[in-house]
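Positions 1 to 547 (full-length UniProt numbering) are the ones given, in order, by the sequence shown.
Rather than coming from a laboratory, the hints here were simulated on the basis of the structure.
Nothing false has been slipped in among the hints.
Beta-carbon label-pair distances, calculated as ranges: (1) Asp295 x Ile427: 43 to 51 Å; (2) His229 x Gly86: 45 to 53 Å; (3) Phe399 x Ser230: 32 to 40 Å.
Think about it this way: if two alpha-carbon atoms lie no more than 30 Å apart in a straight line, the pair counts; the simulated DSSO-like pairs of lysine-lysine are: (4) Lys269 x Lys398; (5) Lys265 x Lys398; (6) Lys287 x Lys398.
Computed from a predicted structure; not experimentally measured.
Using N, Cα and C, we set each Cβ at its ideal position, and we do this for glycine too.
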Amino acid sequence: MGETENHHHPPPPQAAAPPAAPPNLALSRGPTWTPAEQLHQLQYCIHSNPSWPQSLLLAFQHYLVNLGTTVLIASNIVPLMGGTHGDKARVIQVLLFMSGINTLLQTLIGSRLPTVMGASIAYTLPLFSIINDYNDEDFASPHDRFVHSMRTIQGSMIVSSFLNIILGYGRAWGELTRFFSPIVVVPVVCLVGLGLFARGFPLLGNCVEIGLPMLILLMICQQYLKCIHSRAHLILERFALLLCIGIVWAFAAILTVSGAYNNVKPATKQSCRTDRSFLMSSAPWIKIPYPFQWDTPIFRASHVFGMLGAALVSSAESTGTFFAAARLSGATAPPAHVLSRSIGLQGIGMLLEGLFGSLVGTTASVENVGLLGLTHIGSRRVVQISTAFMIFFSIFGKFGAFFASIPLPIFAAIYCILLGIVAASGITFIQFANSNSMRNIYVLGVSLFLGLSIPQYFVTSRTFDGHGPVRTNAVWFNDILNTIFSSPATVAIIVGTLLDNTLEANHVEDRGIPWWKPFQHSKGDVRTEEFYSYPLRINEYLPSRFL
1 MGETENHHHP PPPQAAAPPA APPNLALSRG PTWTPAEQLH QLQYCIHSNP
51 SWPQSLLLAF QHYLVNLGTT VLIASNIVPL MGGTHGDKAR VIQVLLFMSG
101 INTLLQTLIG SRLPTVMGAS IAYTLPLFSI INDYNDEDFA SPHDRFVHSM
151 RTIQGSMIVS SFLNIILGYG RAWGELTRFF SPIVVVPVVC LVGLGLFARG
201 FPLLGNCVEI GLPMLILLMI CQQYLKCIHS RAHLILERFA LLLCIGIVWA
251 FAAILTVSGA YNNVKPATKQ SCRTDRSFLM SSAPWIKIPY PFQWDTPIFR
301 ASHVFGMLGA ALVSSAESTG TFFAAARLSG ATAPPAHVLS RSIGLQGIGM
351 LLEGLFGSLV GTTASVENVG LLGLTHIGSR RVVQISTAFM IFFSIFGKFG
401 AFFASIPLPI FAAIYCILLG IVAASGITFI QFANSNSMRN IYVLGVSLFL
451 GLSIPQYFVT SRTFDGHGPV RTNAVWFNDI LNTIFSSPAT VAIIVGTLLD
501 NTLEANHVED RGIPWWKPFQ HSKGDVRTEE FYSYPLRINE YLPSRFL
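Taking the hints into account, I'd like the entire structure generated from these sequences.
Listed below in structure tokens is the structure:
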């Protein structure tokens, strides 16, 4: 007993202590930022509104930004069709008129986002095919060839518009976007902005002495001088664009009057002088666009098929722009049903453009979405007011021609900043996925690079008369492929969607699906109704497929 009492059992073996976790150096070096579904530095979001005087000035800025692309497309295409300066003025009037109508429709019963619907450059390749066909035919005058070309464009747009209508209101487009994830949205939105780099410094370089001062002055006024005083901060952050356009435009007019461009190349005169557009002298005082103003449409199957590719590309580019607009206006990501109805309404807008005789179809304007980020104002009402300026200046041609005489390098300087803002807004979507996943890095890298590289190959391989690298005996087939693969955003959608849905992920959270999934359904997020519902309880009278 004594031995038993004095006996001590050895202590049980202790389990090895787990290795200490490495310290989180990020926390010791500074704060980490949690993902934010809505930007909190906006002064006015999608459904809040500035005062009426400020709204009018901001709306006028949207009109001017949209005007640059409209004048650029008309100035490049109309002369190739045999049109005169008067024809160019009429084309610009129709483009602005339809831009105003379609923007108003989209903000009311379409995407409901503050997006301007502007002229799309995706339609230029099908236009080149029409131009080339009629160059080989005999006409009484170049003007007759221009009118014949416009009638053919009308017929092609009318037929091809039904593709977007079917894809949209048939909900096929929304079903496609269900295969998206933040990993797909990042390259699509980035390339919506970066893909238009040709409108930036390459266009600015045509007249450096005007474009470069505009670029530098806008950055200094809008970002640095606003810090001088609180009132200066408010004015310059919102209206620096108007101030800088006025200063540099006056500087260009002084150079023109002083004879600085009297002995330069014709291309330099065209880019730098303020009197080379000839719009003031050729534009009518009052002209209301009306259906079939170029006469009855002409329908050719080969040109219709070519225009179908452009309609598809405009839908893809609008989709990327809608995501950027939602981000920069303080809204959540647009759900699938909203994207479907917006593309369907874009098809209806294209049908109207064909009836009214527009040169090209419209797409969501990337530049105007960048203006939301520049001014920190994402108000829907501001964009709706801008449609009044578009329609007014399209009817009263002389007044519209005055602003259309702004040299294009000034617009190019503006686009250098606005397109960069849109591209950067696309990068922010990576916060909802695992940016440290090698699989995600692969998908992002390949989508971004091919989205830039493939269109660049198609553009650089294009001949002067618009023939792309795909050259088979079927011209319509060439137009479709050359148009699709000349669009960076469309290539990014194709490559990104295929890779993201076929490459295995370690966890579904890596792709950002838990964040993405609620926005794919109309009732998935409580804020969807707040941002995207129809006004005036219209949804109570519409079939569910249109909601």
